[in-house]
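Undergrad: Residue numbers (our numbering): 1334 to 1608.
Hints are supplied without guarantee of correctness; some may be wrong.
Beta-carbon label-pair distances, calculated as ranges [as the list claims (entries may be wrong)]:
hint, residue 1, residue 2, range
1, G1581, G1452, 39 to 45 Å
2, E1514, A1430, 29 to 35 Å
3, A1353, E1558, 21 to 27 Å
4, R1352, S1451, 33 to 39 Å
5, E1558, D1467, 32 to 38 Å
6, A1513, Y1366, 17 to 23 Å
7, D1570, E1360, 42 to 48 Å
8, N1546, P1597, 25 to 31 Å
9, D1433, D1569, 25 to 31 Å
10, D1523, A1416, 37 to 43 Å
11, G1379, T1544, 21 to 27 Å
Calculated from the structure, these hints are not laboratory results.
Predicted model, so just to flag it, every value in this text is computed and none were measured.
Yeah, the Cβ is synthetic: ideal placement off N, Cα and C, and Gly gets one too.
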Amino acid sequence: MTPFWTAAETLHAPVYFDRAALARYKELGLKGYWMGYFASRSAAMGAASPELVTATFYGFAPARVRRALPDAWTYATPEQVLAARLDVARDALRPVADQDLGKLAGLLQGMLAGLDLSGRPLAAAHLSLAPPEDDLGRLWHAVTVLREYHGDCHLGVLLAAGVDGVTANVLAVLTGRAPAELQQLRGWDDEAWAHGLDQLRLRGWADEWGTLNETGRSARERLEEATDRVANAGLDDEARARMALATGPLTELARLVAGTGVLPYPNPVGAPRPE
């Protein structure tokens, strides 16, 4: 993952780890972490069904999603959830709130018009939301669209490579990009997880003991490189120019956020530490 996409991920992801998130969603009546997670991340698509969320999020066991949706929408509307999520983002990014964010937020907001959203449903849904008026809110809105855009591209690359959701999760754990508890977090049972490991063995990416080999590590790097290529290919010239200007200051902010400890490393979203 290139520095720009790493920084965008780092600034978006604290909404999933900030301690205030659970309390914010509980105030709406949402039950537990996962109901808050699935409702908040999917609310840009409206009152999304579990089938839609399973398809667009890709890496979660269907049963995990069904425990949260559609029940979440009986407690809160998508609009209420989105408002709470923005509050969570402001809480989580408070360490950078005193920075001069206006120019960077403007750069990134201007970049969004140059994204090719074909086949990028989560990015399109979040772009359809009106950006907040404050600089921190505008910044987080922009990095969220960009993060979901890059994520949508990654899922396209995985699909083209024939790597299904559970196999992608196993691969993330074996490379050390995600923690060992990812199986439980994503809701995969032992049978499904074993299937994912078998798929890696069949590809020659893992040995008989379930250890990723050099072929597997190289394959994982190629998937990441392909994701960046697909994402960058979907930017027009203006968006690329804005990316070049934004990479430095965005990375500096990402380092500040990473330094607060709000994001664990390794983490379930597989975000690397900004360099």
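Undergrad: So, for every hint listed, does it hold in this structure?
TA: We went through each hint and held it up to the structure:
no., hint, result
1, G1581 - G1452: 39 to 45 Å, "violated, 30 Å"
2, E1514 - A1430: 29 to 35 Å, "holds, 31 Å"
3, A1353 - E1558: 21 to 27 Å, "violated, 36 Å"
4, R1352 - S1451: 33 to 39 Å, "holds, 38 Å"
5, E1558 - D1467: 32 to 38 Å, "holds, 36 Å"
6, A1513 - Y1366: 17 to 23 Å, "holds, 19 Å"
7, D1570 - E1360: 42 to 48 Å, "holds, 44 Å"
8, N1546 - P1597: 25 to 31 Å, "holds, 27 Å"
9, D1433 - D1569: 25 to 31 Å, "holds, 27 Å"
10, D1523 - A1416: 37 to 43 Å, "holds, 39 Å"
11, G1379 - T1544: 21 to 27 Å, "violated, 43 Å"
The structure shown violates the earlier hints numbered 1, 3, 11.
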